[in-house]
Amino acid sequence: MFLMEALKKDRGGQVLLGVLLVLVIAVPLLNLLVPEGHALHVPTYTVTLMGKYLTLALLAVAVDLVWGYLGILTLGHAAFFALGGYAMGMYLMRQIGDRGVYGNPLLPDFMVFLNWDELPWFWLGFDQFWFAALMVLLVPGLLAFVFGALAFRSRVSGVYLSIITQALTYALMLAFYRNEMGFGGNNGLTDFKDILGFDLQADATRIGLFIASALALALGYLLCRVLMVSRLGRVCVAVRDAESRARFLGYRVENVKLGVFTVSAMLAGVAGALYVPQVGIINPNEFSPLNSIEVVVWVAVGGRATLYGAVVGALVINYAKSYFTAELPEIWLFALGGLFVLVTLLLPRGITGLLRRKEASA
Amino acid sequence: MPMFKPLARPLPFFALWMLITLMLGLSLQARAAEDETLAQAGALLVQKFDQRADAVALLVERDHPRTQEILRLLQDGELYYRKDDDRLFVIKSAETGAEALDLLDGSAVTIEKKRDFKKVTLNNQMRNQISQALAEIGLKAEDPKRRAAAVRELLGALNEDTVSVLRNRIGNEPVAEVRELMVLALAIQDLEKGDEATRLQAIEQLDGSLEPPVRNALTALLGSDAADQVKRQAQLALNGIDEKIRYYGMLETLYFGLSLGSVLVLAGIGLAITFGVMGVINMAHGELIMLGAYTTYVIQQLMPNHIGASILVAIPAAFMVSALVGIAIERGVIRFLYGRPLETLLATFGISLVLQQAVRSIFSPLNRSVATPDWMSGLVEINPVFSLTLSRLYIILFCLLVFVALVVVLKRTPLGLQVRAVSQNRAMARAMGVRSKWVDALTFGLGSGVAGVAGVALSQLTNVGPNLGQSYIIDSFMVVVFGGVGNLWGTLVAGLSLGVANKVLEPWAGAVLAKILVLVFIILFIQKRPRGLFPQRGRAAEG
Chain V
1 MFLMEALKKD RGGQVLLGVL LVLVIAVPLL NLLVPEGHAL HVPTYTVTLM GKYLTLALLA
61 VAVDLVWGYL GILTLGHAAF FALGGYAMGM YLMRQIGDRG VYGNPLLPDF MVFLNWDELP
121 WFWLGFDQFW FAALMVLLVP GLLAFVFGAL AFRSRVSGVY LSIITQALTY ALMLAFYRNE
181 MGFGGNNGLT DFKDILGFDL QADATRIGLF IASALALALG YLLCRVLMVS RLGRVCVAVR
241 DAESRARFLG YRVENVKLGV FTVSAMLAGV AGALYVPQVG IINPNEFSPL NSIEVVVWVA
301 VGGRATLYGA VVGALVINYA KSYFTAELPE IWLFALGGLF VLVTLLLPRG ITGLLRRKEA
361 SA
Chain A
1 MPMFKPLARP LPFFALWMLI TLMLGLSLQA RAAEDETLAQ AGALLVQKFD QRADAVALLV
61 ERDHPRTQEI LRLLQDGELY YRKDDDRLFV IKSAETGAEA LDLLDGSAVT IEKKRDFKKV
121 TLNNQMRNQI SQALAEIGLK AEDPKRRAAA VRELLGALNE DTVSVLRNRI GNEPVAEVRE
181 LMVLALAIQD LEKGDEATRL QAIEQLDGSL EPPVRNALTA LLGSDAADQV KRQAQLALNG
241 IDEKIRYYGM LETLYFGLSL GSVLVLAGIG LAITFGVMGV INMAHGELIM LGAYTTYVIQ
301 QLMPNHIGAS ILVAIPAAFM VSALVGIAIE RGVIRFLYGR PLETLLATFG ISLVLQQAVR
361 SIFSPLNRSV ATPDWMSGLV EINPVFSLTL SRLYIILFCL LVFVALVVVL KRTPLGLQVR
421 AVSQNRAMAR AMGVRSKWVD ALTFGLGSGV AGVAGVALSQ LTNVGPNLGQ SYIIDSFMVV
481 VFGGVGNLWG TLVAGLSLGV ANKVLEPWAG AVLAKILVLV FIILFIQKRP RGLFPQRGRA
541 AEG
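Line by line, the protein sequences give chains V and A.
First residue of the first sequence: 1, per our numbering; consecutive thereafter.
First residue of the second sequence: 1, per our numbering; consecutive thereafter.
Isolated chain V (complex conformation) (with noise of 0.2 Å):
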């Protein structure tokens, strides 16, 4: 009932689970039932897109979390959404056991191939799917946690925390490049076998982690529309409208903004372990301080600050991506750039703002 307070005055967030409760009841029911050829069926190539394309849009409530409500325009999200999909990649590494091309059951493959005669420290619990599970949270709120009350009680803000940021997931991506790092280099982890006993190839599973995804997106945006409405929430657009007043009112900014991060970077990493296990590789690249630029975008375009425009402008974007890199790859950062500088040039609330004012005016 608690929920349901908060989602009363929020017909986006309402359209937004509504539509998730459709996908999850009707994708399955279109994958598996419907026979292979007919119209209405829906490939598992597709399935896995879309289940993809959930976890983004998690990321993208992660940073509209911070950035719309908050005001931290954080430039360096992807690296939680990363190490979250590193630690679901080890657990994974430590499924394939002797499958790997050189068959050893204790190492995985890179390791054999750099000589390495037992498992790093911090490779060990990884093969117990709750520690990973763990360590998918605890990773990216701990790196989040520490880096934040350093910036924040120092009161490191505006554009200098977007560049530390970005400086943040640039180094941990120059780290992550080493082979001595244990996590596999360049070529990051990768071949991975099966999850929880389950084939990671069957379509069931492919199901499965649709549907998981699903589930997390919603429960994100329902854990984000619920702190948003409490009295953090409105601390928190206080924080961003006007950082000293709230300050001077008595409000500890600090202990709010580090809490909120700590928050988002446990969901970014939260929906980088589900994206892993549906594209199959976990590589430095995903730190690339590009990638984490480009969950802005989403937000922007999508609309700051409602929590389902996120979604809306990471599926969006997403699906022109996919649509766009394969039938005009020439076009496609023309397109994406050019969308940017109308966005925030004309559309400064995003498309659901479009919506939303056509609503108001009708």
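Treat the hints loosely; a few may be bogus.
Unchecked claim - Listed below are the simulated DMTMM-like cross-link pairs for lysine to aspartate or glutamate, each with C-alpha atoms no more than 25 Å apart in a straight line:
id: 1; chain 1: A; residue 1: K48; chain 2: A; residue 2: E78
id: 2; chain 1: A; residue 1: K113; chain 2: A; residue 2: E95
id: 3; chain 1: A; residue 1: K528; chain 2: V; residue 2: E243
id: 4; chain 1: A; residue 1: K515; chain 2: V; residue 2: E180
id: 5; chain 1: A; residue 1: K528; chain 2: V; residue 2: E254
To be verified - Quick list of the computed label-pair ranges, beta carbon to beta carbon:
id: 6; chain 1: V; residue 1: A326; chain 2: A; residue 2: D374; range: 46 to 54 Å
id: 7; chain 1: V; residue 1: E180; chain 2: A; residue 2: G249; range: 37 to 45 Å
id: 8; chain 1: A; residue 1: S369; chain 2: V; residue 2: N186; range: 20 to 28 Å
id: 9; chain 1: A; residue 1: T219; chain 2: V; residue 2: R99; range: 51 to 59 Å
id: 10; chain 1: A; residue 1: D374; chain 2: V; residue 2: N179; range: 38 to 46 Å
id: 11; chain 1: V; residue 1: V226; chain 2: A; residue 2: V404; range: 52 to 60 Å
id: 12; chain 1: A; residue 1: S369; chain 2: V; residue 2: E330; range: 30 to 38 Å
id: 13; chain 1: A; residue 1: S471; chain 2: V; residue 2: W121; range: 31 to 39 Å
id: 14; chain 1: A; residue 1: S471; chain 2: V; residue 2: L200; range: 33 to 41 Å
No wet-lab data here; the hints were simulated from the structure.
Glycine included, C-beta positions come from ideal geometry on N, C-alpha and C.
Put chain A on the given structure of chain V with help from the hints.
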């Protein structure tokens, strides 16, 4: 009265004619003698080792002008003879279908069968003979640099014959530098062969020299059965040399660091204007650098025969191209977004994607190669363990030049005054009659143009490709933020010190880890001093 009346005085004219004929005859005679020598030597060279050695001796003795060339060919194993007619050929690669040049008349022949030709091989004795002969020829050279090089080759490789040659020459050597090298060569010889007193004296002479053979000789002496007294002195001299080598090693690191830092400063200084002075976050800054690099490429394509001058033409051209693009960006996009830095960031990022793709579509996604002019390649050798690469030296100088030019523009010109006025207090500046919009466009153009100039410098250092800008954008922001926004001096100090820090860390951390450490350092530093090394003071800073 005319000084010279040849027709009126037939006698001198005739004498002149006689003289010319005579000289011509003599020179013809000399040519004939040379040809004969060459023919004799050639005939000997195709025989057994002993005859080959005679041929070398003959060439050296008659002082034939091509002696050096032939000896080097022999040393490098590029001299062959044809089995049919014993003619000598120069062959770079003995493959079927490759070219063989006739040694005597230079005509080219294609190798039809590899087996038709046989290499003129050498034995060890002949190798010694040839290197000694080459050294002696080198010692007689007119050019002191070539004499020095010849002596350097003799360091640690003297034998009885060359020792006497050196001892004879040392008194006549006019150039002090070459003489010192000769002393070193003889001292090394004394170190190996002499008694205790000579050895001690030799060590004294060798002390402080950085020539690698000196160090080798001293190390060898420590391992030999020399007297303790000698060994102690040798150890001392060796320590001194090592100390010096370490010192120059540090200088070299500093030099590399400064040159890397100059690159960072060049990449960042345009940003220091657009970001620092105007407060505009221009994510397309890297692409403006890239445009500068591509301009260099295009100019080189336009004037392929004047690579040396093309760089000089490219500097103003790149400035103009990037500045115009920058002004277009400012007029078209950024001016609508003043006061909204985060939106500016997104819009300019979009522009950067468009520019990247434009370059990719026009020039292909592959890297383009930009030639380095001759005057930029080469070394300035300070001493045997420390030399400055010219290209790095030019980068440092260029960086300082650009920096000084910018400081002068901002501090000494009416435009600079207006730029500073607008950045400090826009409303007040406008009230005083400054056309602030016009100033904005020009400032942005200036910053962008400087980025283009940086692109010219970078085209000499890295690959020119569509991703060139992206790889520098983060570094540039780091430099500007570390130095303190709105402060050109801060940018200079920050760039140079980050460059040096990177190079100092590199030997023990590796290049990538060094970069990571520097990034982490900056992140931590920003926590401590959020406004950089040299924060802007006053109200303007509180924005």
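Keeping to a limit of 25 Å between CA atoms, is the pair of K528 (chain A) and E254 (chain V) held or broken?
holds (16 Å)
Is 37 to 45 Å right for how far apart the beta carbons of E180 (chain V) and G249 (chain A) are?
Given range 37 to 45 Å: violated, Cβ gap about 26 Å.
The hint says 38 to 46 Å between D374 (chain A) and N179 (chain V); measuring C-beta to C-beta, is that right?
Between D374 (chain A) and N179 (chain V), where Cβ atoms are some 39 Å apart, the hint holds.
Verdict for S471 (chain A), W121 (chain V) (Cβ pair) under range 31 to 39 Å
Between S471 (chain A) and W121 (chain V), where Cβ atoms are some 34 Å apart, the hint holds.
Take the C-alpha atoms of K113 (chain A) and E95 (chain A), compute the straight-line distance between them, and say whether it is at most 25 Å.
holds (8 Å)
Given the range 46 to 54 Å, decide if the beta-carbon distance of A326 (chain V) to D374 (chain A) lies inside it.
holds (47 Å)
When you take the CB atoms of S369 (chain A) and N186 (chain V), is the distance between them in 20 to 28 Å?
Between S369 (chain A) and N186 (chain V), where Cβ atoms are some 25 Å apart, the hint holds.
For K48 (chain A) and E78 (chain A), compute the direct alpha-carbon distance and say whether it is at most 25 Å.
holds (18 Å)
Quickly compare the C-alpha distance for K528 (chain A) and E243 (chain V) to 25 Å and report which way the hint goes.
Measuring from Cα to Cα gives roughly 20 Å; hence the hint holds.
Does the alpha-carbon distance linking K515 (chain A) and E180 (chain V) stay inside the 25 Å limit?
With a Cα-Cα distance of about 15 Å, the restraint between K515 (chain A) and E180 (chain V) holds, given a limit of 25 Å.
Is 33 to 41 Å respected by the C-beta to C-beta distance linking S471 (chain A) and L200 (chain V)?
For S471 (chain A) and L200 (chain V) the Cβ distance comes to about 35 Å; the hint holds.
Note whether the CB distance of S369 (chain A) and E330 (chain V) lies within 30 to 38 Å or breaks it.
violated (24 Å)
Going down the numbered hints, you'll see the structure goes against 7, 12, while the others check out.
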